[in-house]
Amino acid sequence: MQTPYPHFDESEDLHWKAFKSGNAASFSHLYQKYSAGLYNYGAKFSTDKDLIKECIQELFVAIWTKRDSVGNPEHIKNYLYKSFRNLLLKKTTQLQKNHSFDETENYEFNVSLNIEEALIDGERRQKITEQLQLTISGLTPRQKEAIFLKFYEQLSYEEVAEVMGITVKATYKIMARSLDFLKDNLSKEDLLLLYLVFNLRLLN
Amino acid sequence: MKMKKQLSDYQFHTLSDLINDQSFMLWVTQPTQELDIKWNSIQQTYPALIPIIASGKELVLSMRFDTAVLGQQEQQELWKSIAAKTTLKANPPKTIKLWYRYAAAAILVGVLFTAGLFYSSFQQVNIQTPYGQLKTLTLPDGSIVTLNANSNIKYDKTWAANDIREVWIEGEAFLNVKHLHQSGQVKNHQRFIVHTGALQVEVLGTSFNVNDRRGRTEVALLEGKISLGLDQQAKDPLILAPGDIVEYTGGRLNKKPINVVEYASWKDGKLYFKDVPLVKIFNDIEDIYGYKIKVDDPNILTRRLSGTMSSTNEKVFFETIARTLNISITPNHASRELIIKAN
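Read top to bottom, the protein sequences are chains A and B. Under numbering that gives the first Met the number 0, the letters of the first sequence match residues 0 to 203, in that order. Under numbering that gives the first Met the number 0, the letters of the second sequence match residues 0 to 342, in that order.
I should point out that these hints are in silico values taken from the structure, not numbers from a laboratory. We put the CB at the ideal spot given by N, CA and C, even for glycine. Mixed in with the good hints there might be a few duds.
[Claimed, not checked] Derived contacts from chain B toward chain A, CB cut-off under 8 angstroms, selection only:
#	residue
1	ALA67
2	LEU69
3	GLN74
4	ILE81
5	ASN175
Extracted from the complex, chain A is given alone in its bound form (with noise of 0.2 angstroms):
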């Protein structure tokens, strides 16, 4: 079976314009299409779940009223997710301390990294997941975010770049620290043991 190509939707420019033009039905669309990916993001950002919904209701209560003046961005998500970023760290820079929320390097960002259970079982997932979970504690989180963007989120190298408001050229150094991290930290014995499960049967 082939896996369909990620980012082919052309109805999402339509829906995006019939938005613009004050269709209900297109709005709700994009509600429902990003508020759970939203939602997701927003939770490595803060763990207070009522904030990060405040949060998405302003962000689409904001477009609707600002539709006529809001442009055409060329990525839809983009445009979601970086206007959602701001109005987060904006509040909750605010709530920590009476800061002004220029200071985006500092943020928290968390995630946890998961072998899906039905690849490794039993002891050997929990200690390889471990192992994981201590080496991405080891990364800034503007590198956690980053990795967050691109492989959970697909996003290309120039709309993580957009999110996060930083350059294209910041992004592949961010990104080849990362990888090179990771890579320098998980034993080569974890990724040894990964190839194994996989290749069982060609050793057979």
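Please build the complex by placing chain B on the supplied structure of chain A, with the hints as guidance.
For chain B alone, kept in the frame of chain A given last:
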């Protein structure tokens, strides 16, 4: 960072080299035609890399982030408060006219049926997918259909300007229908009907899933509204609300709540199971890959499985199930049988 590599640079790549290779990551996570060509030619040139690449791919795909889930109810409640603040509530979707507007939303439909098709074949497109392969195609109006393995779609080659858009589907398909109705009276050509034997599903423009297997019909709705009617009877059509699933079996329609994620996961090359008895999974395998399942110990069938699995590679898929449940699954390619044994 080195961006361009020669083909020969890949010759002695190890698993960790691959994982550190940007184009490999991109290929696995966001494949494009260009990357497909590149990685396929690497595999052709260096067959020794094929298993390593397969492992790398599985490794990358099997790493996943924990997800914070916004429950369906929470999601709907949040939407209600957004709708209230954006005065959308002033237009309750009560009347027939209004649900047409909602038809642009995504819905999901699973339908099982056995149908006779009476159209002559020369003026029809008739596409059948083999076992184990998905196919994506574009209908005459630009709507997009993803056909699951072992499925069939039929429709007229050309759609006249004033005709209702109609397709006939057996097996399982995901449809993304172009929305043509703007306002006012709905004209024929703005209607879209999926025929599924005893059932017909009518929409104006939406995404949905039809599944017709094993004499059972399932229609599940993600969002928006659809109208469901029995072909034979002129009864009032049933209108589905988000999160509803309707099962048609033995001449009766039953409504029940569902997890819609399960119904759509196949089109992304993944199968999603939540505490599903093995007998159901084996039924899916028979339908999708075309094997006959032979089980030595019927007790195996009552065991249950949870998880998301990649179904793009049948070997890996079988091995994953076998490993998880500590059973052995051995395909016999000649007889198309799958021998299941408890370890």
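key: Closest C-beta approach of ILE81 (chain B) to chain A relative to 8 angstroms, hint status   = 5 angstroms, holds
ask   = Regarding the hint that LEU69 (chain B) lies at the interface with chain A, is the smallest CB-CB distance below 8 angstroms?
value = Holds: closest Cβ of chain A sits about 4 angstroms from LEU69 (chain B), inside 8 angstroms.
query = Does GLN74 (chain B) pass the interface check with chain A, least Cβ-Cβ distance below 8 angstroms?
reply = 6 angstroms, holds
key: Evaluation of the interface hint that places ALA67 (chain B) against chain A, nearest CB under 8 angstroms   = This interface hint holds because 3 angstroms falls under the 8 angstroms limit.
ask   = Under the criterion of a CB-CB separation shorter than 8 angstroms, is ASN175 (chain B) in contact with chain A as hinted?
value = Hint holds; ASN175 (chain B) Cβ to chain A Cβ min 6 angstroms, cut 8 angstroms.
Violated hints for the displayed structure: none, as all numbered hints are satisfied.
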